[in-house]
Amino acid sequence: MKTERTFLGVPIVKPKVGFFDLSSCEGCQLQMLNNEASLLDFLSLVEIVNFREGMKEKSDDYDIAFVEGSVTRADEEERLKIIRRNAGVVVALGSCACFGGVNQLKNRFNDLEWVKRQVYGDFPIETQEAKPISAFVKVDLEIYGCPIKKEEVEKIVTKLVLGQEITHPNYPVCMECKANENVCLFDLGEPCLGPVTRAGCDSWCPSNRMGCWGCRGPAPAANLKQLEKIAEQKNISKERLLDRLECFGGFGEAAREMRTKVEGGR
Amino acid sequence: MENKLQFVDLATSHGKKNSHPGIEHFEYSYKAEITNLYPLTKTEKLYQIQIVDPRERKDFTFQPGQFVMLELPGIGEAPFSISSSPIRHGDLELCIRRVGKMTNFLDRVKRGTKVGISGPFGTHFPVEEMVDNDILLIAGGLGIVPLRSPIMSVLENRSRYGRVDIIYGAREPLELLFTYQYGMWKQFDINLDIIVDKADDKWTGPVGLITEILQKRIDNGTPNDFRKKTNAIVCGPPVMFKFVCEMLIKAGLPMEKMFVSLERRMHCGRGKCCRCNIGSTYTCIEGPVFDYWSVLNLKEAI
Amino acid sequence: MIFKVFQAGEMETLFGLLSVNRIVGPVEKGRDVDGKPLYDFDVVYDFKDLKLDYGQTIHSAKNYFLPYRENLCTFTFDNGDWQKEVDFGADRAHVFFGLHSCDINALNKLDKVLMGNIYPNPFYGAKRSNMFIVGYSCTPTPSCFCHSMGTDSVLHGFDLFLTRMGDEYFAEVQSARAYHILERMETREPTHEDHLHFRKTTSKKRSLFTCEVDTSDLTKILDMEFESEVWEKWGDKCLSCGTCANVCPTCYCYGVEEEVNMDFSHARKVKQLYSCNLVDFAEVAGGHNFRPESSTRLKYRYYHKHRGFVEAYEESLCVGCGRCGNACLADITVPEVIASVREGEK
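So the protein lines, in turn, are chains A, B and C. The first sequence runs -9 to 256 under our numbering. The second sequence runs 817 to 1118 under our numbering. The third sequence runs 4 to 349 under our numbering.
Do not take every clue at face value.
[Claimed, not checked] Below, simulated DSS-like cross-link-like pairs (lysine-lysine); rule was C-alpha separation at most 30 Å, straight line: (1) K930(B) x K4(A); (2) K858(B) x K1058(B); (3) K4(A) x K847(B).
Derived from the structure by calculation, the hints contain no laboratory data.
Produce the entire structure from the sequences given, and follow the hints as far as they go.
The structure is reproduced here in structure tokens:
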């Protein structure tokens, strides 16, 4: 680690970072490469030493590891543990790494063998339940979103490099959605998880007139019971609500409970 | 284009009709330098902060109990009670615990760092009105920080006050603040009683609750004198000052002679952000120093 | 006060005269599931887009004078030192075309707290000093209770206030600049008949309110019911999402965050309007939260609006526009909350 800069007289080290992917679409990493305008600034903040999607060089000497994707195979579990050993700070990047993401939808099926046959046919691949990386290693920081929001990541990494504590917004997406003066999607007859989902995306989907799918997981004071009542009142079926709550895995236990209630009621 | 509305530039219209005097100072902060800093305990440091411009430094006046907003540019801004004597003007001392985003960074800066200071803000302990009377200062834990300014003020005007008592309680001896000054306070005729919840090997003083010492102080004085001549200044965690104030009331001290300093979250210090509101009272403008009667009327204050 | 009368058709002339400035007014933003139009304030370029007969907008117009996000200052770092630069964020005058009396009263209330006390806020003041307000008389919607809050008419704080009377508009003129604008239109002096017509129109409006709030002794009742269980009932419903504060024309609470550029050359101090219903509103460094439950946060909101502000300014901080209740997905409305708190007296 080189001490190159200071901020308010405090020496600031430029950390070496690596980007890694487990089971994922690699879209979060792509977000990091998007918007070339700020890429150089980002490179002044950190030294990237390992980023398969962005460069040829590869080094295992890194301070911060950004891990995208969930763990769905035994070899990924091993890779993750090596990354954990190498890195001082492990960051879960995006919904898959934080909650299991879209991948964890397969966990809903009781018979994983059946799933495998459906997906891979005669060429089965050894897979296990999709799990967030925190199920296997200690995670120091979670960056939410499917995909992550680059502007937010840049702010977070700046704070990380400055050695500041990282805090996420404690309010739900509604807060940002109202500040963006959007029409409420419930008024348009669409379900939306904005009232219960952690903000930070600047109401990305609702601002484009698409209801929130909860990719960032629950806000700290999420009132899911009330959301259920609201959906009922607006004639939005439990199944539609569950579709969203289950989609990224962030609402884990609460979604499972609701699912059990729905299926038990049948 | 005669229908074009004329733009009124508030930034330059200062002094003109309808403009508010000093409005451009809302976001103004004095450039100040951390001239020295030293650890008082494991988690608290004393910062000596000097307003850079000599004129601004001289013109900066405050009353004991008031606070400033300290800004670390790019990191954050937070309110801190002034711990130094008012006669030192813009040569401030702030005792700060490493506890949040801003103070964690502050803990890493070195002397010579430039910071921003705005204020002073809020109400103060009315030490001027306590002249000729006895003063009883009661502090629990970090509560000693806002009390150090009135203590200094009383020390510098010792002849104007009667009996002065400090009762100070901390969890353990290692958490005691300003230990290097206790001898001086005592020599200047202040009764200083210190009590800790938990002693360590070296501790020879009393162990227990602050209220035990307070009870002794109440019992030792003549009840009439205590009721008529004592002013109490109390600061500490809410549970502590609730018990203390109730004891003082029982001992006959009028509520308007008991003063407390409250701590709340603040983002502006100027009665705008509402973060420090208790019920609907702005701690930053109507506080942080309240008499106990006002506190009783504040819902959810204690 | 000076009054004028002009033909309804002249409204477009007025819009045209003012349109050399940026005009903010009510426009249609879409239709809800039942086909009902949804209105909000926006910049209006074409008179046809201006929907003066809107019932209520979703948001107030506050983003134009009390923005949801605002840069308070910029720091430039150089060689261990820094410079601070402040910009009040106003560079032109705005015309607000079609504000109802509730929203103008809301501005007057904001003036008291943001411009009136010992630290007048220049960020607000800079924008407030550059507003030309054309008020517009409304027809109460089912959720309007301004009548109960004493804000169904407005006495000052506008340039021009227009009331529709048949094919004409009755204009209250409150500024010289408004007077000069009207000089460029075809207007006439009102007759005694017009005065009577105006009074009939406003009293008809008053009769149309269907929603009431009993505010008598409310400050005391709120103190008496501080421990009431009704707060928990509402707290259970509350989503702690801040929607009520965001659509409110008088909510001004905020939070401040600072952020450093990636190259450490600059930093910004950003203000964001906050809401007392958000979970960390009263959390202090170190993690202690003075209002951890949604019920105490919701209660605080009512205390600030209906008790604290009344104590300080002898009027409520609520103008009865009904926006918070309309926008609240949990159906928490001011009239219902206050009625439930009062219920103890029956």
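Tested hints:
1. Restraint check for K930(B) and K4(A): satisfied, since their Cα atoms lie roughly 23 Å apart, inside the 30 Å limit.
2. For a cut-off of 30 Å, the pair hint linking K858(B) to K1058(B) stands: about 28 Å separates their Cα positions.
3. As the CA atoms of K4(A) and K847(B) are separated by approximately 29 Å, the hinted pair is consistent with the 30 Å bound.
Checked against the numbered hints given earlier, the structure satisfies every one of them.
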